[in-house]
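**Student:** With the hints as constraints, model all of the structure from the sequences given.
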Amino acid sequence: MMARRGGKRIRMDDIPPEYEEQGENVNDSISDGDSPTKRMTRLRARGGVRDKPPIIDEDEDDFWAPVVRKKKAEKPKKPPGERREKPERPRKEHIDKEQERIDMERDVTTDEHSIYFIVRHSKSPITTIVDDWIEQYKMNRDTALIALLQFFINASGCKGKIPEDTEHPMDHTAVIRKMTEEFDEESGEYPLIIPGQQWKKFKMNFCDFVQTLVKQCQYSIIYDQFLMDNVISLLTGLSDSQVRAFRHTATLAAMKLMTALVDVALLVSNNFENAAKQYEAERLKSRDRRASDRLESLMAKRAELEENMDEIKNMLTYMFKSVFVHRYRDTLPDIRAICMAEIGVWMENYPQNFLDDSYLKYIGWTLHDKVGEVRLRCLQALLPLYDKEELKAKLELFTSKFKDRIVAMTLDKEFEVAVHAVKLVISILKIHPDILADKDCEIVYELVYSSHRGVAQAAAEFLNVRLFHLTADMEETKSKRGKLRLPNTPLIRDLVQFMIESELHEHGAYLVDSFMDNNPMVKDWECMTDLLLEEPGPNEEVLDNKQESTLIEIMVSSVKQAATGEAPVGRASNRKIYLNAKELKAIQDEKIRLTEHFIVTLPPLLEKYQADSEKLSNLLSVPQYFELDIYTTNRQEANLQALLDKMSYIMSVHTDRDVLETCAKTLEYLCTEGSATYTRCDVARSNIIDNAVNKYKDSIDDWRNLIAGEELPNEDEIYNVISSLKVVSILYSSHNMNPWNLFDSLFQDVDECQSKENPGRNIPNEALVYSIEACYFSISWGLYYVENNCETSQIEASVKELRSNLDKYMFACFELTRDGPTDDIQEAAYQSICDLLIIFSDQLARSENPNVRTLEYKSTLDEQLILNNFVQHYVFTIRQEDLQDETRIMELHKKRNFLASYCKLVVYNIIPTKSAAGMFKNYVKWYNEYGDIIKSTLGKAREINKINFALTLLLSLIAVFNDLQSQSENELVSKNSHEFSDLKELAKRFALTFGFDAIKNREPIIALHRAGILFAVGEVPEDPIAAPKRLLFLEVLNEFNHKLLKQDKKVILNFLDRRISPALPSSKQEEYQPLFLYRNSLVHGETDQAPVSSSKRAYARKRRDHDDDDDEEDYEEEHNDPDFRG
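Counting from 1, one number per residue, gives the positions in the sequence shown under UniProt numbering.
Warning: the hint list may mix true and false statements.
[Stated by the list, open to error] Straight-line alpha carbon distances no greater than 27 Å define the calculated DSSO-like cross-link-like pairs of lysine-lysine that follow:
(1) K370 to K439
(2) K894 to K665
(3) K480 to K413
(4) K178 to K123
(5) K313 to K394
(6) K1000 to K984
(7) K430 to K480
(8) K480 to K608
(9) K401 to K413
(10) K695 to K665
(11) K439 to K483
[Stated by the list, open to error] Cβ-Cβ distance ranges computed for the label pairs, FRET-style:
(12) A586 to E541: 32 to 38 Å
(13) K203 to D885: 17 to 23 Å
(14) R846 to I1025: 56 to 62 Å
(15) A581 to K370: 28 to 34 Å
(16) R846 to K1050: 43 to 49 Å
For the record, the hints were derived by calculation from the structure and aren't laboratory data.
Idealized CB from N, CA, C, for every residue including glycine.
**Tutor:** In structure tokens, the structure reads:
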């Protein structure tokens, strides 16, 4: 981007048009007057030279070309029965030596006296290397200069050599042209981009060398009009090169050279000011006290420093116009990033010269860069500038012009960029608080709910600066009884109101996590409970119901995170998986602190909000994060008993499911075996269960007596049955209630419902759902008891009883799943079946106890069909389209759980792979809703057995094709229909699941083609010349042809010709078109080269993209699923 062109002034807030056409090449010739071989003059340095765009005419084919890799020699094929042995891993020292050999081959020179070789391999400090070169320069500056210029050439990866007898003044254009001709660009690698620690170190040493060189020469050599003129001229020419390596290396060197010169300019400027002050002080002395020789000396020193300053500024101005102005918009992002990083350093170190709108505009324009790394460098360059109060005035115009862009970058798709953008907005807020409008602030406010933890914490810091901080003018307030409110009270009130206005009431955990590390108010539980328990004073606002609920949600989320140290689920974080000792100690201290506080305050909170289900469900979860030993060490048994009494009361009177479930889980935690509270809590638990069981028995006995007497229960009796069964079911989920012998009574209602012997006399449908769930938990606890606690003498009888209960329960659940009276009952039965099939799967057959091995449950084909029909009916159908958004989301979540339960049965090989055919056929149609689940199942099913997997995919395609036939006239499917196109798309997706290794998938693909051909040509039509009705299926099968090897295509072609004659009747050409296309594809493939394995792909791509393919098994299983045989 030029500063001027054709006299037109460029406005700072205009986005440079180059960003729209950055890929285009700009070719402008350089006139003689612009030649870099000319000595730098002050006229040229001030911009009196060319003002034309640079040569940025890279070869774009080279730019986008993949790295050329040598093909590996083909390995000899193994015998069919041979299994690949796991190769030994090479020892570390062998790897190191091999890497060292590769690095030596990459070196561009083996001349041990060259600067490149010394910087690359020497362990000497860079200062020593530079000092040695300076000594050489003092003895023979021509030879030393050539050695230095050769260093820049070698550092670019070029093996070309500048002749030692090159005449001076040197023609740099000719040198660059010669080096370009000798440059070997085949590898595409050069030192600055080669990965590895050694090359990273070289890049650092390269930058240090350039900067140290200027530093060591700053007092004399850089002013000799020889060294700097030649170095700057060469780097300027290289930075305009079409060779990317030259351009990248020269730009880095030039930018680091400018940075070093900025440091020198700063030092010279300070020395000049000191000399000027000394001169003025001496000049103002009276004539008799003035030393004329000192005055002359100071005048000469000042003149020399002024001249040096002008010379350095000339160099900086020239390099800025000749290199930076053209390279900041280079097509290579690394070069643009270098320019932005260095200009930030210049502005920070030498603001009086560089912190000006004429320089700031380049950063402003580059904020729109398409590459995240470049945008990040821009923000990193600006951040230190805004942190300095003295630079405030110089940034005012820039801020007003580019404020909108900076605020928009807080929503950047690159999270690191977004974090820095928020930090920059915070800095802007501090120095220019009035420049940010409310709409700008609201954009940042919402980021506290971001899924990325860094962005959310940065947004929380913004809120701390703008809203959530204590100020001196905050008035002290008191509660109704005169208790002084804590300092954080107004902040917590504001935080509650902020969350309510955000309208994201279910994301309290995200909000708390954002503030957890940067504002102590979220852990000020004393202040929160004080607001909830203490009645407001005369000058305070009363918290309404919504505010109280929100405050409790914030408080409980804070307690949970403080006690566990875990961020909310779904929030991306770079936090370490394992916490160090210091972090664990801090978490433990917080856990003790919150326990000591809530032991006292929780019972009165439960008392106050015992009628509010939403608040109770949150408050009841707090004891799950207690340090239970505090109850005894702090002598708080009375508060423990108060808590248990309150929980017992809640379990007896509440019916809300969330409240009851939370209460049951909290009771489970309080009854942790080995804790100091176990005995007291276990007694309370027994009492709670006794009360629940007695209520259930009383209500169910009353119900059965009424039914036996042919009377109709009233509403109270119906309510009693439902509520008592709900409590029993929820308690059963967390506590083993088998000692109360409830299974027979619970199962009696389930059995009566499935048998349909007494229709209309069953318990209410909602109560039946709870009975199904309670029976499931009873059986699960029974297995736990047999495996862990059962005595040897009783195990046989216990196993026999458990097996009997399991069989009759599973039978009843399958019947209810197939033909239950309501959807809820069918869903409960289905979920229980799926879970029990996994719990009682073949893992039990591997138990050491022979009695436990007899508990394995194997499903029949009829039972598998029932599960499949349920999935097809409940998951892959659209019901109640007019639902509200929230209800629709909950419905989708429930369906996804049903599908996931079925998929687990396939993945764990509990039901055969072919049972998933009905699910796989919906892969494309329902991709938005269930694509991730089905895709994962496809991958796991392939790992079980590849041939069975391929045949399952074929079954899915056949099922869809049969559906299309049944919907068509004369069972002929139209190839132009939208439905048939969807079928081909499904086949294409299925083909992609086999990966890129055609050899590993050889047998499955052949089996799929053979079975597909048999299906397509199997039916013989009545008309001898008519095409089979299913022949169009060959077009579907054609989607898998590219997975066949060349030799296998011939085998499939012969198989096809044996099933249907290749001679096509001329009168039926249209009907036989699918066969013609399929045969053509197979015949054409005979001339193709054999497909390469995944290690020889024709395009360059990161290996991790194909991890799934590389992890495939190396041999096929000998025994396939018997369901596919014959």
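**Student:** Now, for every hint given, state plainly whether the structure supports it.
**Tutor:** Consistency of the hints with the structure:
Between K370 and K439, the direct Cα distance comes to roughly 25 Å. Compliance with the 27 Å bound is thereby established for this hinted pair. Taking the CA atoms of K894 and K665, the gap is about 22 Å. The hint holds against a cut of 27 Å. Straight-line distance between C-alpha atoms of K480 and K413 comes to about 50 Å, which puts the hinted pair past the 27 Å bound. Note on K178 and K123: the hinted pairing is violated, with a Cα-Cα distance of about 32 Å set against a maximum of 27 Å.
Simply put, K313 and K394 have alpha-carbon atoms about 20 Å apart, close enough for the 27 Å limit, and the pair holds. For the given pair, K1000 sits about 24 Å from K984 by alpha-carbon distance, which is consistent with the 27 Å threshold. Restraint check for K430 and K480: the C-alpha separation of about 38 Å exceeds 27 Å, so the hint is violated. Restraint check for K480 and K608: the C-alpha separation of about 17 Å stays at or below 27 Å, so the hint holds.
Proposed proximity of K401 and K413 is supported: the alpha carbons are some 23 Å apart, at most 27 Å. Between K695 and K665, the direct Cα distance comes to roughly 21 Å. Compliance with the 27 Å bound is thereby established for this hinted pair. Distance restraint check for K439 and K483: the Cα-Cα separation of roughly 39 Å exceeds the 27 Å cut-off, and the hinted pair is therefore not satisfied. Between A586 and E541 the C-beta distance comes to about 35 Å, which sits within the given range of 32 to 38 Å.
Remark: the range hint 17 to 23 Å for K203 to D885 is contradicted by a beta-carbon distance near 53 Å. The given range of 56 to 62 Å is respected by R846 and I1025, whose C-beta atoms sit roughly 60 Å from each other. A hinted range of 28 to 34 Å for the beta carbons of A581 and K370 is inconsistent with their spacing of about 45 Å. At about 46 Å, the CB distance of R846 to K1050 agrees with the hint of 43 to 49 Å.
In summary, the numbered hints that this structure violates are 3, 4, 7, 11, 13 and 15.
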